[in-house]
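Undergrad: Here are the chains, one letter per residue:
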Amino acid sequence: EAQVTQNPRYLITVTGKKLTVTCSQNMNHEYMSWYRQDPGLGLRQIYYSMNVEVTDKGDVPEGYKVSRKEKRNFPLILESPSPNQTSLYFCASSRAGEQETQYFGPGTRLLVL
Amino acid sequence: GQNIDQPTEMTATEGAIVQINCTYQTSGFNGLFWYQQHAGEAPTFLSYNVLDGLEEKGRFSSFLSRSKGYSYLLLKELQMKDSASYLCAVSPRWDSGGYQKVTFGIGTKLQVIP
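Going line by line, the protein sequences match chains A and B. Following my numbering, the numbering of the first sequence begins with 1 at its first residue and continues without gaps. Following my numbering, the numbering of the second sequence begins with 1 at its first residue and continues without gaps.
Be aware that a few hints might be false.
Keeping only pairs whose Cα atoms sit at most 25 Å apart, straight-line, the calculated BS3-like set for lysine-lysine is [unchecked claim]:
1. K65/A x K101/B
2. K71/A x K68/B
3. K69/A x K18/A
4. K18/A x K65/A
5. K109/B x K76/B
6. K57/A x K18/A
7. K69/A x K57/B
8. K57/A x K71/A
9. K57/B x K68/B
10. K76/B x K101/B
11. K68/B x K57/A
12. K65/A x K17/A
Hints listed in this document are in silico derivations from the structure and should not be mistaken for laboratory results.
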C-alpha cells in the first residue's frame, strides 16, 4: 500500500530534550516536506527536500533541522524543543512533475511542557 | 508576501450545494490547490487549478479566476461525510531547483447537517 508513515503519532516531552520525528514514504517520491498545523494559522511549511542531500527552508524553519540521507526517509529534528513548538506535524511527499498531488502522513501531535 | 482568505466556518444541509470561496494575493502565481481534511486526519488532495475556468470531478468542482485572485470549491449533493475542513492553497512560485512552493490558507470548516 502506497503510504507516508510518521512516528511517533503522539509525543509529550519537556523543554530542551532533543527529539526526532521520523517520516518514511514507499512511493519513491523525490519531494518531501514537513508542515506544522496550528489553530488559526493553518498549515505552514517548515522544511522541504527535493531529493537526497537536497533540503531547503520553508516558511517557519527556526528551531528545526532535517536531513535526507535516503530517498524514502526525511526525519524532523528538534534539538532543543520549546513550548511554542507544541503543534500537529505533518510529513508529505510528492513525485517530481506531479507535485500538485502531495500525499500526507497521518500526523504527529507534539506537546512540549 | 502571501495572503489567502477563506471563511472560517460554513454550515450546509445534506443533499444541498455549497460553495466555499477563497481569495488570494500572492507575489507570483503558479496554481491553486484544494485539500480536504477530516478532523484529526491528514489533508487529502482534491483539485489543482492552473488555468481560468471550472474543473469538475464528480460531486466536487473547482473554479479559478487568475485576474481576480479568486477561487471556489463547489460541493454538490452534500453528504454527511463531507463534513470536514477545506484548505485552499496557492503556489506562488517555483524555486531555483524546480520545487513548487505552496502556501496554505487557514481552512474552512464545513458542517453538513441533516
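Undergrad: Hint by hint, say whether it matches the structure.
TA: Hints, verified against the model:
Proposed proximity of K65/A and K101/B is supported: the alpha carbons are some 19 Å apart, at most 25 Å. Our distance criterion of 25 Å between C-alpha atoms is broken by K71/A and K68/B, whose separation comes to about 39 Å. Pair hint K69/A plus K18/A holds up; C-alpha atoms about 20 Å apart against a cutoff of 25 Å. A C-alpha spacing of about 11 Å is found between K18/A and K65/A, which places the hinted pair at or below 25 Å, so the restraint holds.
Distance hint between K109/B and K76/B is fulfilled; the C-alpha atoms sit about 16 Å from each other, no more than 25 Å. In summary, the hint linking K57/A to K18/A is supported, as the alpha carbons are separated by about 20 Å, within the 25 Å threshold. At roughly 38 Å between alpha-carbon atoms, K69/A and K57/B are farther apart than 25 Å, so this suggested pair is violated. Only pairs whose Cα atoms come within 25 Å are accepted, and K57/A paired with K71/A is accepted, the gap being roughly 18 Å.
A C-alpha spacing of about 23 Å is found between K57/B and K68/B, which places the hinted pair at or below 25 Å, so the restraint holds. Restraint check for K76/B and K101/B: the C-alpha separation of about 30 Å exceeds 25 Å, so the hint is violated. Restraint check: the Cα-Cα separation between K68/B and K57/A comes to about 30 Å, which exceeds 25 Å; the hinted pair is violated. Restraint check for K65/A and K17/A: the C-alpha separation of about 14 Å stays at or below 25 Å, so the hint holds.
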